[in-house]
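Asker: Single-letter residue listing:
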Amino acid sequence: MEMLSKLEELVLISVLKLKGEAYGTSIYTHIVGLTDREVTVSNVYFPLERLVRKGFLLAVQGDPTPKRGGMGKRYYRITKSGLAALQENRAVNLAAWRGVATLIKRTEV
Amino acid sequence: MRPPKLARFLLKVLACRRERAYLGDVEELYRLKIENSGLDSADRWYRREALHSLPKFIIESIRWRIIMFKNYLKTAVRIFFRDKGYSFLNMAGLAIGLACFALLMMWVQDEFGWDRFHENSRLIYRLESNSPAQPAPLGPHLKANYPEIAEAVRFYLSNPLLVKCGDKAFDEGGFVLADASVFDVFTIPFVAGNRTSAFADPNAVVLTEAAVKKYFGNENPVGRILTVENRFQVRVTGIVRNLPQNSDIQFDVLGDFRILGYFRKGYETHWGNHEYITYVRLAAGAEAKTVIPKIAHIVMDRNPELPVSLTMMPLGRIHLYEDGAIKYVAIFALVAVFILLIAACNFINLTTARSGKRAKEIALRKVVGAVRHQLVKQFLSESVLLSLSAFLIALTAVALVLPSFDALAGKDFSPGDLLKPGLFLFLLGTTVML
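Quick note, the sequences are listed as chains A and B, same order.
Going letter by letter, the first sequence gives residues 1 to 109 in the working numbering.
Going letter by letter, the second sequence gives residues 1 to 434 in the working numbering.
Please keep in mind that the hints were generated in silico from the structure rather than gathered at the bench.
All values reported here derive from a predicted model rather than from experimental measurement.
One or more of the hints may lead you astray.
Claimed, not checked - With a Cα cut of at most 27 Å, we get these calculated DSS-like pairs of lysine-lysine: (1) A:Lys54 - B:Lys70; (2) A:Lys67 - B:Lys5; (3) A:Lys67 - B:Lys12; (4) B:Lys70 - A:Lys17; (5) A:Lys19 - B:Lys33; (6) A:Lys67 - B:Lys56; (7) B:Lys5 - A:Lys54; (8) B:Lys84 - B:Lys74; (9) B:Lys12 - B:Lys366; (10) A:Lys67 - B:Lys143.
As the list claims (entries may be wrong) - With the C-beta cut set under 7 Å, the calculated list includes, among others, these residues of chain B facing chain A: (11) Gly24; (12) Val26; (13) Lys56; (14) His274.
To be verified - Quick list of the computed label-pair ranges, beta carbon to beta carbon: (15) B:Ile342 - A:Gly55: 51 to 59 Å; (16) B:Lys12 - A:Leu58: 25 to 33 Å; (17) A:Leu58 - B:Phe88: 46 to 54 Å; (18) A:Arg50 - B:Leu54: 15 to 23 Å; (19) A:Gln61 - B:Leu54: 44 to 52 Å; (20) B:Gly85 - A:Gly55: 43 to 51 Å; (21) A:Val109 - B:Lys5: 46 to 54 Å; (22) A:Gly55 - B:Leu73: 23 to 31 Å; (23) B:Leu380 - A:Val92: 43 to 51 Å; (24) A:Thr35 - B:Arg354: 51 to 59 Å.
Using N, Cα and C, we set each Cβ at its ideal position, and we do this for glycine too.
The task is simple: from the sequences and hints, build the whole structure.
Answerer: Written as structure tokens, this is what we have:
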């Protein structure tokens with residue numbers, strides 16, 4: 001299976017959640033809302049493009065608008081293999097995190 | 001309501017056309033930030049974005065460059081093999097042109113390097129009156145009386161002498177006598193023995209490596225005795241490296257000048273016999289043009305019936321100007337440049353003539369999204385590649401014909417000489433530019 005990086009995972013989930021409205025700005029805003037860490041747009045942009053190359057996302061070019069300095073939006077849609085990858089990664093994550101909460105509570109350093 | 005100039009510029013440059021969507025996102029977010037939290041914070045955000053994205057975009061652009069270069073390479077190879085005859089002609093033409101140019105330039109460079117290998121070559125002069133041969137006392141007289149003249153050395157080029165070594169005898173044509181100062185004026189590296197003690201004893205000779213082989217084979221010659229003309233004996237005190245072919249000073253056996261006593265009685269004080277080629281090394285800082293007037297009259301004063309004034313010829317000019325080699329050097333350099341020019345024109349012509357055939361490819365590339373500068377880059381890298389291969393072929397060709405070239409030109413090049421001069425980088429650069 002294809003292991004996703006943390007950012008790729010976050011990006012993929014965001015695209016899934018945003019449905020038809022997933023493009024750079026909205027994905028970025030969504031991820032910034034999730035994390036306290038400072039994220040740059042390129043932090044989102046490059047994983048997005050990598051996922052497109054891997055075939056997990058499909059990119060569609062939108063029309064340019066003046067609000068964006070005359071540059072078009074690039075909409076992303078998740079593909080079948082993207083869904084499968086997400087499914088697998090979720091299973092791995094769940095397995096890995098099982099029992100961690102109680103362990104954290106009990107472990108003293 | 002414009003984003004910070006520098007940051008915007010950086011992003012624009014780095015995130016080229018491929019990253020338009022990214023630029024749009026950043027622009028849109030910037031406007032949002034202004035509405036939500038004011039201009040200052042938006043500017044700060046924008047700057048931070050640009051700064052943090054920089055390395056990523058640089059890596060990305062390098063990655064793309066490599067990808068595109070691979071494609072250009074592939075296309076170039078395919079085009080080359082699509083029309084083998086034409087490609088061969090084109091490349092061979094350039095390679096032969098380059099090879100000729102390289103050979104000629106090697107020759108020219110060698111001619112210019114004539115006699116310049118001596119460490120002090122700029123300070124060395126040959127004394128001239130109406131001929132380069134001077135009376136024997138002149139050299140010591142100059143050294144003793146003129147502080148500008150640091151060293152003087154006299155040469156006596158003997159007629160062939162019968163030299164016996166054990167039961168072997170040779171008619172030695174390269175028997176030369178010189179003052180011990182010869183090792184101070186000229187750079188003559190020793191293999192065995194050393195320059196201070198070589199001519200301590202008046203009957204001493206040093207041999208070149210080639211002469212050692214001739215007389216002694218593989219035996220150690222130092223301390224051995226040679227018999228000259230059945231009249232006197234000399235002792236071998238050292239071995240010197242073979243002299244470069246582009247040197248005016250040539251000998252097989254170099255003997256102490258005092259050996260001359262066997263042939264010319266009283267030579268040390270005889271001003272009337274102009275027979276000895278004399279070189280001087282000026283003291284550092286002395287200038288020939290101030291020394292010449294001071295010494296001009298010396299020979300005349302002692303030889304009133306021979307009214308010639310003495311001058312000095314710089315060592316580096318002797319071969320090129322005195323012997324007239326500069327004419328040939330100029331001619332060959334010109335020929336070399338023209339050959340290179342013709343080869344380059346031929347290369348350009350053939351390539352241009354064929355460009356029509358590639359219109360389809362260009363059209364397709366444009367349809368797929370290539371821009372002008374990408375096409376230019378592609379064709380440039382293609383011709384660079386072609387000329388680079390031609391260059392390698394030329395190098396090989398030169399290395400192969402070098403032995404016969406040496407024989408023809410009377411030179412002594414080794415293939416290693418090819419890699420030495422930066423000249424060829426320059427030459428490669430010119431081809432590439434064309």
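Asker: Any hints this thing doesn't respect? Which numbers, in order?
Answerer: 4, 7, 10, 14, 19
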